[in-house]
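Let chain Z serve as the given structure and place chain D on it in line with the hints.
Sequence order for the protein chains is Z and D.
In case it helps, this note's numbering puts the first sequence at residues 1 to 370.
In case it helps, this note's numbering puts the second sequence at residues 371 to 731.
Keep in mind the hints are simulated off the structure, nothing from the lab.
All C-beta atoms, glycine included, are put in the ideal place defined by N, C-alpha and C.
Heads up, some of the hints might be wrong.
[Stated by the list, open to error] Label pairs and their computed distance ranges (CB to CB):
#1 Z/Gly213 / D/Lys602: 29 to 37 Å
#2 D/Asp672 / Z/Asp279: 46 to 54 Å
#3 D/Pro662 / Z/Trp191: 30 to 38 Å
#4 Z/Glu321 / D/Asp692: 49 to 57 Å
#5 D/Gly700 / Z/Ala348: 25 to 33 Å
#6 D/Ala420 / Z/Asp76: 29 to 37 Å
#7 Z/Glu314 / D/Glu645: 20 to 28 Å
#8 D/His389 / Z/Glu199: 26 to 34 Å
#9 Z/Trp191 / D/Ala420: 47 to 55 Å
#10 D/His389 / Z/Arg189: 38 to 46 Å
#11 D/Glu695 / Z/Met60: 54 to 62 Å
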Amino acid sequence: MNVQLRDRPEAASTTAIKTAIADCDIHPARATKDELYPYLAKRWHTHLETYAVHAYQGMMEGPPYPKAQPNASRRDAYPPEGGPQGSSLSFMQKQHLDPNNVVLGVLNPLGATGQGQRNHDLGAALATAINDWQIEKWTSKDKRLKGSIVVANEDGVTAAAEIRKRAGDKNFVQVLLLSRNVEPLGQRRYWPIYEAAQETGLPIGVHAFGFGGNPITASGWPSYYIEEMVGHSQCQQTALASLVLEGVFERFPKLTMVMVEAGFGWAPSLAWRLDKVFDKLHSEVPHLKRKPSEYIKDHIWWTTQPMEDPERREHLFQMIEWIGWDKLLFATDYPHWDYDEPSRVLPAGVSDSNKQAFYLDNARKVYGVI
Amino acid sequence: MTSPVAGGVDCDLHPAVPHLTSLLPYMNDYWRDQVTTRGMTDLVSQSYPANSPISARPDWRPAQGKPGSSLADMQQEALDRFDVAYGICNPLYGVQMVFSEDMQDAFCRALNDWLVKEWLEKDTRLRGSIVIPTQSVEKSVAEIERCAGDKRFVQVLMLVMGDVPLGKRALWPIYAAAEKHGLPIGIHAGSAYHNPPTSVGWGSYHIEDYVAQAQAFQTQLTSLIVEGVFAKHPNLKMVMLESGFTWLPAFLWRLHKFWRGVRMETPWVDRAPLEIVRSNIRFSLQPVDAPPEPEVLNRLFDHMQSDELILFSTDYPHWQFDGDEVLPEGLSPDLVRKIMIDNPMATYSRLSQPATKEMTR
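In isolation and in its complexed conformation, chain Z is listed as follows:
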């Protein structure tokens, strides 16, 4: 059972980790339901009061697979002033950013953000609002934090306009998409998003989650939260296979993508499978000029949390050798329950230069933040 048995000490004010780190997956939350209203036209206030949001799944409130914790978040992460975990900048600073020496934190807003909306106009309005909210509540108040441009993902043209509108705005370091959409991510309906991202020089972060109306396994809907959580890695694999096989990286050769919160240990096996079958079925996808694994190696970065957890840690390092220490971006997933602790995530035996790349330098490079 997941019960807090001991009193936890007050969030430490001393630095628990000495090295400066980047946290490439932080989830900022809204303190109240109407916190976005100042950024939405009056029309949408009425609409939301009357109909609420309209997602590609059945639940009006709460996720279809109930989380293991309220808001999938740490029980010790409720801000003292009230509101859900992750909704207070001052408490995030005190509990996470300061003690963990986070010098770059990438915000990935989830929830009713405009992604996965069946009503595309509402989706576009919410996406713009959440982007304005990120600036006003977070990135303008703490320069360590950088936002992700949330887009109405199912409407590529509108999404591209939102990206171009934010081009050059240093509050944002990437475009945010989710792994589960109406169609696999390589499909052409999403290409305007990739075109705009390439044009503006922004990476695309593909975060696990989302609903696109498809059963979340190829054999229908599973029963349990653990199946959804483990299954994010399978959805991500399929989404990545689609991106590669549709030729997205052939069409947009300067595009980079970050796979967020879906693991990375599966990457070598997926690449090997892609290459092996590509040898035989190349004629079906003549638009690909290189082996699938080459697109993956050149275009894809990976956030680390939740780090796969083998009995013998050297097994994971052997997988990392294939992926490259220069492709991993450290992330905690704060304030979610499956948070990876920065000071404990790497065991002894990693070289100083790999550590530096893992914790900070790779993120600075991908996100263009010095």
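Below, chain D without anything else, positioned relative to chain Z:
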């Protein structure tokens, strides 16, 4: 290359039904009439377009007819060539795509009877898998009971992409029947196409569907483990066929981590996922989704932390390897023997029993 040893068990051979009309002799008057008057066409799955390169190795593609439809070819190209003691036939005819449980039942019965008559009775090395009409659990159990008396049937065959995740409780009577008769459940790559073939929707290309099989196996393993199938049926074996296996270590690392985190949700899972896999789950050898360097593959075997998981297979007539290179390079003689003989014999208990036939009807 690593040489196969004689007396092995090829756990994944695909005899092809030449045409739906080939099954007519095994149907009753009503279904013969249905097939004929309604002008039903051949049941070929999207998973294996007839002329697609992976559907048949170039030198195993016959001058005419479907690849895998000739016993003589299978004998020469697979059974004799790799000098096996047994070959397990897994027919991939598209009966699972049918939506009517009555029609699916009639087609499965015909397919199983066809397999006995046209293959198992013609070569004593051959063994079969019972194909079941999964649209109806009741009819699936009845078909297992009907065929189980024939000891030449050594497993029950299901597809990795069906209507519901395989751990779902509604399917458990199938597993109870299989366990009772000492039949492993073979789960083969392929889709009934009752759901989109990936967990994020319909892709554009056959190559995507093929790649997605590996992800489907991963989600099915999660389902089977967390629903508690092996807590309820500890003696049940399941064999992942044409699944690939190089994804297994990283998959288990992730599953194990989440199991530790949220095991309160499925408290009946009383053993670690890795232990359940070691005791109850096996994988066919082909396809080997790994680079050709022996050290990489040996490392992966090391990551699997067991040499009992892999069962020899050619995937005949599908194109997974060239020449005689059915075993990847660099395997130790001990591991080769386990993969080719010991592991399959331990998995398919019926292979050690006399192949008597006690058909109930």
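Pairwise beta carbon distance, D/Glu695 to Z/Met60, judged against the given window 54 to 62 Å: 57 Å, holds
Cβ separation of Z/Trp191 and D/Ala420, checked against the hinted range 47 to 55 Å: At 32 Å between Cβs, range violated.
Cβ distance range 29 to 37 Å for D/Ala420 and Z/Asp76, holds or violated: 60 Å, violated
Outcome of range test on Cβ distance (Z/Glu314, D/Glu645; 20 to 28 Å): 21 Å, holds
Satisfaction of the hinted span 29 to 37 Å by the C-beta atoms belonging to Z/Gly213 and D/Lys602: 33 Å, holds
C-beta pair Z/Glu321, D/Asp692: status relative to the range 49 to 57 Å that was hinted: Since Z/Glu321 and D/Asp692 have Cβ atoms about 28 Å apart, the given range 49 to 57 Å is violated.
Assessment of proposed distance window 26 to 34 Å (beta carbons of D/His389, Z/Glu199): Hint violated: Cβ distance 53 Å, outside 26 to 34 Å.
CB-CB spacing for Z/Ala348 and D/Gly700 relative to the 25 to 33 Å hint: 31 Å, holds
Distance restraint evaluation - D/Pro662, Z/Trp191, Cβ atoms, bounds 30 to 38 Å: 35 Å, holds
Satisfaction of the hinted span 46 to 54 Å by the C-beta atoms belonging to D/Asp672 and Z/Asp279: For Z/Asp279 against D/Asp672, whose Cβ atoms are near 26 Å apart, the range 46 to 54 Å is violated.
Cβ separation of D/His389 and Z/Arg189, checked against the hinted range 38 to 46 Å: With a Cβ separation near 39 Å, D/His389 and Z/Arg189 satisfy 38 to 46 Å, so the hint holds.
Of the hints listed earlier, those the structure fails to meet are numbers 2, 4, 6, 8, 9, in rising order.
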